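There are 10 protein chains.
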Amino acid sequence: MLFHVTMDVDLPPDLDPATKAETLSREKAYCQRLQDQGKWVHIWRVVGQYANVSIFDVDSPGELHEILWNLPLFPFMTVTVTPLCRHPSAL
Amino acid sequence: MLFHVTMDVDLPPDLDPATKAETLSREKAYCQRLQDQGKWVHIWRVVGQYANVSIFDVDSPGELHEILWNLPLFPFMTVTVTPLCRHPSAL
Amino acid sequence: MLFHVTMDVDLPPDLDPATKAETLSREKAYCQRLQDQGKWVHIWRVVGQYANVSIFDVDSPGELHEILWNLPLFPFMTVTVTPLCRHPSAL
Amino acid sequence: MLFHVTMDVDLPPDLDPATKAETLSREKAYCQRLQDQGKWVHIWRVVGQYANVSIFDVDSPGELHEILWNLPLFPFMTVTVTPLCRHPSAL
Amino acid sequence: MLFHVTMDVDLPPDLDPATKAETLSREKAYCQRLQDQGKWVHIWRVVGQYANVSIFDVDSPGELHEILWNLPLFPFMTVTVTPLCRHPSAL
Amino acid sequence: MLFHVTMDVDLPPDLDPATKAETLSREKAYCQRLQDQGKWVHIWRVVGQYANVSIFDVDSPGELHEILWNLPLFPFMTVTVTPLCRHPSAL
Amino acid sequence: MLFHVTMDVDLPPDLDPATKAETLSREKAYCQRLQDQGKWVHIWRVVGQYANVSIFDVDSPGELHEILWNLPLFPFMTVTVTPLCRHPSAL
Amino acid sequence: MLFHVTMDVDLPPDLDPATKAETLSREKAYCQRLQDQGKWVHIWRVVGQYANVSIFDVDSPGELHEILWNLPLFPFMTVTVTPLCRHPSAL
Amino acid sequence: MLFHVTMDVDLPPDLDPATKAETLSREKAYCQRLQDQGKWVHIWRVVGQYANVSIFDVDSPGELHEILWNLPLFPFMTVTVTPLCRHPSAL
Amino acid sequence: MLFHVTMDVDLPPDLDPATKAETLSREKAYCQRLQDQGKWVHIWRVVGQYANVSIFDVDSPGELHEILWNLPLFPFMTVTVTPLCRHPSAL
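Protein chains in written order, with our numbering: chain A, 1 to 91; chain B, 1 to 91; chain C, 1 to 91; chain D, 1 to 91; chain E, 1 to 91; chain F, 1 to 91; chain G, 1 to 91; chain H, 1 to 91; chain I, 1 to 91; chain J, 1 to 91.
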């Protein structure tokens, strides 16, 4: 099932640079592993924002929560989740 | 170039049924023609809403405006447009 | 899977009384049939509002959309949908 | 009497890990004791959020306030309270 | 138990004058009967608004809902309900 | 003249405990002195919030400002002030 | 005592032209009479809006309510009222 | 002096087609005359909206108000006005 | 030309007391000098708020920006600016 | 293609003065280089705000994102991006 998710990142300006670099590196690996698994089917950067729009394809709302909760950047994110379904005009 | 578009539809309750049916039929044909042309690359229904989330791939902002402005349901829609670009973590 | 749904009803003041009575009667029957089926697991009135808070237990987001879209009062409702999952402190 | 309560948690990023662990442990025990007593009748996690939706069944608004005020995480929460009553369509 | 209630009135400009006068008269009588019964303990006009702030003292949230739902002006009102309890500094 | 005032308190989590205790003690004494004087005619706790709803009866807007400005918790409060007058339905 | 008042006017597009002209004429006379009396001490047009910002000097909140409630355009206005007092830096 | 102005147009769906066409034609002529005079220095369409973003260069706020107030579409517009000045980094 | 300006002050609670006292003293002198010059024509305290409503009479938007930008408290203020003009009903 | 961009700056009050001066100097040089290149076609100061309104003319949304993301003040900015196109009334 599909969910539309937005993630806005707000890193504290005084975050230790090494912690920041390590967190961003883990975030990228985590994101790409989920893309490889076909769970995180789209991720786009929002122009001019430290934010993304994503589409997830998961087996349950609970699986989506586990994925989002464990994002390395989760403590610094504002997240919205919108359930989607097939549009009658979609080919 | 990619744009994230949301469309919320609010049809007046006293809309003539024949006009409504004809407008919805033209909207569906218009939407599917743009999907065929590869311009309207995704359309999803938002669960519980008379609304969709869409992704457009167009040659210019002006082309996107022409497409949206000519939607048969445009006079009854609230539309948001968000420009997207490649996310550094996208595979 | 569980979804939290709020429904705010706004009936036009000039709605024909017979249409109104018939619609409300169909709404009640529809709601109670879904409660019987175990799909609409809770419905509470919000004090002082023409609104309810509900919990649905459905097989998919698409099934929830079909249920909500076919509510007799849907054209007069503002609906919000929030996906839920198990809380780690729940017994 | 029933109340719908939402709780959004926002822990400061620099919270001492031991304090955090101890507070979360007390919060869980406190929550489960109230579930055992039949006061906190439902708690669900909101997908993708450090938040819950809950239903309380208490003897008075004052009792609900005492319960919420003494939540170990209360200083870090944004709380909303909505009084509920029986819906005429509820079975 | 005490509830803080706000009521904002928005009468349609084309309301029939006789209907309007009759509704306002019933509203006033209804309001004063509840004051006599000690249910509607305070009602103040908000300066510059067609609105009031009120305090109700009722036996249950359900009783409050019945009172508000049956206000002759209820279809034209936006209502908010806030549960109150004793303040520790109150004498 | 009557004013409806709401006060939302947001104490910084790292406030020194002795400072906090002393400030709260002064706040309570200040509040009760004004109740004794008949200036602060009602104070109710909002259920589930570190907030109150109050009614003041003062001689002028300027007197109300002096009272609020000198609240020991004023620097930590978000305050709203709404002027009230007699409602035509009030007994 | 001084109050800051904003008035936003929203006339229905189908208002009868004679009714509109007569209402605007009464509004202007009403406004100027109150200026003459020293009650309506300032009125400014907000640039680009059918709106004004005004300062009233009245004897009580109740008097201000009477003045605003009887504005010929009151049924078409959104009004905000803010009590003012002397600023310590004012000369 | 420069002002940033946004105009959102909301035409009633039941507007008489001849009135609509005539109003739009007058709006266009009015807009182009002001461009010719160097008063309306920029006008851009907002993609996906019946709205524009404009820059005006006028002699006074009062002149800007006269221009906006007399727009043929003014009764159907939501307008915002923001005063601008030279940016220290502008070349 | 006239501008309506609101200023909300939010001083950090840990501001050094000497810095605070010196800044407030400079703010007051700056404000009164501009009143003497006829630039800052009105300043009122908003009751119950660390805020003011002001009217400025300046030669240009740029002059107003210079005045506001150089307020000693500017870094701690939220400011709104609304251009005004003559109201047709003003005497 | 054209984009309307707003930038609101919020510098932390405890920013090191040397860091601040160096960042502002880099920001100005960066901004002026993009003006020289014809990418940043307009920048105006919003009166009374630490904010600007800008117009960019870029080859793609991705190019705009690179420009904004690399602004020296980007970590301290709230940015909005609105795609524009030709208005049918523009000369």
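Simulated from the structure, these hints should not be mistaken for lab results. Don't take each hint at face value.
Straight-line C-alpha distance at most 30 Å; calculated DSS-like pairs for lysine-lysine [as the list claims (entries may be wrong)]:
| # | chain 1 | residue 1 | chain 2 | residue 2 |
| --- | --- | --- | --- | --- |
| 1 | J | Lys28 | A | Lys20 |
| 2 | D | Lys39 | A | Lys20 |
| 3 | A | Lys28 | A | Lys39 |
| 4 | I | Lys28 | J | Lys20 |
| 5 | A | Lys39 | J | Lys20 |
| 6 | I | Lys39 | I | Lys20 |
| 7 | F | Lys20 | F | Lys39 |
| 8 | D | Lys39 | A | Lys28 |
| 9 | D | Lys39 | D | Lys20 |
| 10 | B | Lys20 | A | Lys39 |
| 11 | D | Lys39 | D | Lys28 |
| 12 | H | Lys39 | H | Lys28 |
| 13 | F | Lys20 | D | Lys28 |
| 14 | B | Lys39 | C | Lys20 |
| 15 | E | Lys20 | G | Lys20 |
| 16 | G | Lys39 | I | Lys39 |
| 17 | I | Lys20 | J | Lys20 |
| 18 | E | Lys20 | G | Lys28 |
| 19 | B | Lys39 | B | Lys28 |
| 20 | I | Lys39 | I | Lys28 |
| 21 | C | Lys39 | D | Lys20 |
Counterexamples of contact, computed for chain H against chain G with all Cβ distances above 10 Å [stated by the list, open to error]:
| # | residue |
| --- | --- |
| 22 | Asp8 |
| 23 | Val9 |
| 24 | Ala18 |
| 25 | Asp36 |
| 26 | Tyr50 |
| 27 | Asp59 |
| 28 | Pro72 |
| 29 | Thr80 |
| 30 | Pro88 |
Note that this is a predicted model, so its numbers are computed, not measured. C-beta: ideal position from N, C-alpha, C; glycine also.
Going through the hints against the structure:
1. J:Lys28 with A:Lys20: Holds: Lys28 (chain J) and Lys20 (chain A) sit about 27 Å apart, inside 30 Å.
2. D:Lys39 with A:Lys20: Measuring from Cα to Cα gives roughly 43 Å; hence the hint is violated.
3. A:Lys28 with A:Lys39: Roughly 15 Å between the alpha carbons, so the hint for Lys28 (chain A) and Lys39 (chain A) holds.
4. I:Lys28 with J:Lys20: Status holds; Cα separation ~27 Å.
5. A:Lys39 with J:Lys20: violated, 43 Å
6. I:Lys39 with I:Lys20: holds, 25 Å
7. F:Lys20 with F:Lys39: Satisfied, since the Cα-Cα distance of roughly 25 Å is no more than 30 Å.
8. D:Lys39 with A:Lys28: violated, 43 Å
9. D:Lys39 with D:Lys20: Answer holds: Lys39 (chain D) to Lys20 (chain D) is near 25 Å, not above 30 Å.
10. B:Lys20 with A:Lys39: At roughly 38 Å apart (the allowed maximum being 30 Å), Lys39 (chain A) and Lys20 (chain B) break the hint.
11. D:Lys39 with D:Lys28: holds, 15 Å
12. H:Lys39 with H:Lys28: holds, 15 Å
13. F:Lys20 with D:Lys28: holds, 27 Å
14. B:Lys39 with C:Lys20: violated, 43 Å
15. E:Lys20 with G:Lys20: Answer holds: Lys20 (chain E) to Lys20 (chain G) is near 21 Å, not above 30 Å.
16. G:Lys39 with I:Lys39: The hint holds at about 25 Å.
17. I:Lys20 with J:Lys20: Status holds; Cα separation ~21 Å.
18. E:Lys20 with G:Lys28: With Cα atoms ~27 Å apart, Lys20 (chain E) and Lys28 (chain G) stay inside 30 Å; holds.
19. B:Lys39 with B:Lys28: holds, 15 Å
20. I:Lys39 with I:Lys28: Between Lys39 (chain I) and Lys28 (chain I) the Cα gap is close to 15 Å, so the pair holds against 30 Å.
21. C:Lys39 with D:Lys20: With Cα atoms ~38 Å apart, Lys39 (chain C) and Lys20 (chain D) exceed 30 Å; violated.
22. Asp8: holds, 12 Å
23. Val9: Its Cβ never comes within 10 Å of chain G, the nearest being 13 Å, so this holds.
24. Ala18: About 16 Å separates Ala18 (chain H) from the closest Cβ of chain G, which puts it past 10 Å; holds.
25. Asp36: Nearest chain G Cβ is 21 Å from Asp36 (chain H), so the label holds.
26. Tyr50: Holds, since 16 Å exceeds 10 Å.
27. Asp59: holds, 13 Å
28. Pro72: holds, 13 Å
29. Thr80: violated, 7 Å
30. Pro88: holds, 25 Å
Taken one by one, the earlier hints fail for this structure at numbers 2, 5, 8, 10, 14, 21, 29, listed in ascending order.
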